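If you read the sequences in order, they're chains X and H. In this text, residue positions in the first sequence follow the working numbering: the first is 1, and each later residue adds one. In this text, residue positions in the second sequence follow the working numbering: the first is 1, and each later residue adds one.
Calculated from the structure, these hints are not laboratory results. Keep in mind the model is a prediction, meaning the values are calculated, not measured. Treat the hints with care, since some could be wrong.
What the hints assert, rightly or not - With a Cα cut of at most 25 angstroms, we get these calculated BS3-like pairs of lysine-lysine:
| no. | chain 1 | residue 1 | chain 2 | residue 2 |
| --- | --- | --- | --- | --- |
| 1 | X | K289 | X | K16 |
| 2 | X | K85 | H | K97 |
| 3 | H | K50 | H | K198 |
| 4 | X | K274 | H | K227 |
| 5 | X | K289 | H | K50 |
| 6 | H | K25 | X | K134 |
| 7 | X | K127 | H | K216 |
| 8 | H | K227 | X | K311 |
| 9 | X | K16 | X | K127 |
| 10 | H | K52 | H | K198 |
| 11 | X | K289 | H | K227 |
| 12 | H | K227 | X | K314 |
Said to hold, decoys possible - Derived coverage of chain H by chain X (criterion: at least 3 residues anywhere in the stretch with Cβ under 8 angstroms from a Cβ of chain X; other residues may be distant):
| no. | region |
| --- | --- |
| 13 | 54-66 |
| 14 | 70-79 |
| 15 | 90-103 |
Claimed, not checked - Beyond 10 angstroms from chain H on every Cβ pair, some chain X residues (computed):
| no. | residue |
| --- | --- |
| 16 | K13 |
| 17 | A44 |
| 18 | D45 |
| 19 | W236 |
Yeah, the Cβ is synthetic: ideal placement off N, Cα and C, and Gly gets one too.
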Amino acid sequence: MSVLVYAETEAGKLKKVAFEVASYGKAVADQMGTEVIAVTFNAADANALGNYGVSKVMNISADGNFDAKIYASGIQQAASEAVAKVVVVSSSADSRYLTPLLAVGLDAGYATNVVAAPSNLAPFTVKRTAFTNKAFTQTEISSEVKIIGVSNNAFGLVENATACTVEDFAPSLAASTITVESVDKATDKVTIADAEVVVSGGRGLKGPENWHLIEDLADTLGAATACSKPVSDMGWRPHSEHVGQTGKPVASNLYIAIGVSGAIQHLAGINSSKVKVVINNDPEAPFFKAADYGIVGDAFEVVPQLIEKLKAFKAQA
Amino acid sequence: MKILVCISHVPDTTSKINFVENDTKFDTNGVQYIINPNDEFGLTRAMWLKEKSGATVDVINVGGAETESTLRKALAIGADKAIRINTEAVDATQVAKEIVAVTQNDAYDLIIAGRESIDYNGGMVPGMIAAMLGASYVNNCVGLEIEGDKATAAREIDGGKETVSTSLPLVIGGQKGLVEESDLKIPNMRGIMMARKKPLEVVEPNGATALSTTTKFEKSAPKGEVKLVDADNVDQLIDLLHNEAKVI
Ligand SMILES: Cc1cc2nc3c(=O)[nH]c(=O)nc-3n(C[C@H](O)[C@H](O)[C@H](O)COP(=O)(O)OP(=O)(O)OC[C@H]3O[C@@H](n4cnc5c(N)ncnc54)[C@H](O)[C@@H]3O)c2cc1C
Ligand SMILES: Nc1ncnc2c1ncn2[C@@H]1O[C@H](COP(=O)(O)O)[C@@H](O)[C@H]1O
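Hey, can you work out the whole structure from these sequences and the hints?
As structure tokens, this is what we get:
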């Protein structure tokens, strides 16, 4: 028996979510009195998972791009080999793509957007968000094998030094039915999905020529940039930056909204961010009701000051 | 070509979310129901494919009689036939199994579902259908072209977009980008009249069992007051973010 975690890599290196699912997996394994085994693809630094409670890594070598069907087949065989009772995955786009396939393969009940360790093992009960973060549900999973999709940044990283062995695992991987023709991705930028901090701009910034404010602030904080829907609709920013109900969900530790009014559809997508800051010249903007910290002021005056002071703060730290 | 669009019947985002019966049931009182936005983008894309190559478009929902108004709306937008599987939707596994059972008698070349529903936010049904059918599957689909039995699709990925090619039968998890908001049509009078005459078949469930259940709901805690910082005092904001919130 074990808890299996799918620890994702990017270009052979473990992603931050890999350590988060390991931390979560360790908490579940402790409750169940068992160990955490990780499955990885092409991980060069798999040992690092030992810092978060993993005692064994099954590393699979796979060529080419990520493919949901191929990866699901590998994880499924790892789960059988490890006699996993619980499988833990992240909420990344790739994990959300492959896990429904894995759930069918393992005949497992699957809960997404899970925010806490199980509150009970029998019946197996987890807390998850629903109604685009307006509520939580208690969800019971009744199948023999259970799959948990952990909401990004909800559980956090919990160090737990453990002796860890890394083994090669060579399952018979499924054949792909999808051919990737081209990939259009900025590789030098922090993505919204991975970011700890997201800086977002709305229509209040007046035009794309002013986006250096958002970008400079983001650079200073090592943050990803995002925008409201009208901003991407008008072509000021690429669609991949649009966040909200119809765009990307954001679950960062810090979300800074500048010149964004805080419409319900915008908030729906960013509500699971831990700390929200708003900068807006209209004290009546609805965002002030959703934010933790706010400045009523003109973005063109406040943001340059903020960048300058943050640079000084970072230099000092 | 035969297309099936899965339609989830969900509360409008602006609806107040409340729970009743000791927080075990969603309070439907005064709630306005809509076609799940991701499904509406998919349905509109299906209409375009129909115009271009003469496909038939069926829509399907797993749910009680209360979802029929939403299915009628899909018919008014232009779907040819609606199917309602007459059982309460409990979890994604059960919903996917029930939909797959219907496609066993009547095979589809393309099944369009949404990336996720805005009520339970599961994001699981399309992938599960694809796995059960052994069909090709593209999630977070923001573009789709079909030529014969070949498909080209665009998938949104973290930080960008990827173009893939595959073959039918295909299942997609769709979202905005398949069509734009300005392409969505409010059904006109003629569409609504025609929808009344279109078939809405009620099918009895196949008895698929769910693997998970929601036992209790809880509203998110109301937020505390925002802490306002003076516009000439951004140092205080930095201090709060560093020492109080501990996020920088
Ligand atoms: C079905 C549906 C889905 C939607 N999905 C989304 C979604 O996913 N994401 C999304 O973002 N929106 C979505 N919307 C749109 C949403 O309702 C709002 O229209 C949108 O979020 C507003 O964008 P904004 O805040 O940038 O612009 P505005 O509402 O125009 O707000 C601009 C703000 O900037 C402030 N401002 C102006 N000048 C300055 C200045 N100099 N300094 C500081 N502040 C300034 C103003 O006070 C104002 O509050 C959706 C709408 C619908 C109907
Ligand atoms: N009860 C249902 N009936 C028909 N389709 C559904 C149902 N529930 C979910 N779907 C489809 O599956 C998609 C994803 O839903 P979910 O997995 O619940 O997030 C939705 O956008 C719909 O296309």
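Quick rundown of the hints versus the structure:
1. K289/X x K16/X: Violated, at roughly 31 angstroms.
2. K85/X x K97/H: holds (23 angstroms)
3. K50/H x K198/H: With Cα atoms ~17 angstroms apart, K50/H and K198/H stay inside 25 angstroms; holds.
4. K274/X x K227/H: Measuring from Cα to Cα gives roughly 15 angstroms; hence the hint holds.
5. K289/X x K50/H: Violated - the C-alpha atoms of K50/H and K289/X are around 45 angstroms apart, more than 25 angstroms.
6. K25/H x K134/X: holds (15 angstroms)
7. K127/X x K216/H: holds (9 angstroms)
8. K227/H x K311/X: holds (23 angstroms)
9. K16/X x K127/X: holds (22 angstroms)
10. K52/H x K198/H: Holds, because 21 angstroms separates the two Cα atoms, which is no more than 25 angstroms.
11. K289/X x K227/H: Since the Cα atoms of K289/X and K227/H sit roughly 10 angstroms apart, the hinted pair holds (cutoff 25 angstroms).
12. K227/H x K314/X: Within the cut-off at roughly 23 angstroms; holds.
13. 54-66: violated (count 0)
14. 70-79: It is violated: at least three residues are needed, and the region 70-79 of chain H offers just 0 whose Cβ sits closer than 8 angstroms to chain X.
15. 90-103: holds (count 4)
16. K13: holds (15 angstroms)
17. A44: Nearest chain H Cβ is 20 angstroms from A44/X, so the label holds.
18. D45: holds (20 angstroms)
19. W236: With a cut-off of 10 angstroms, W236/X remains clear of chain H, as the shortest Cβ separation is near 16 angstroms.
Checked against the numbered hints above, the structure breaks hints 1, 5, 13, 14 and satisfies the rest.
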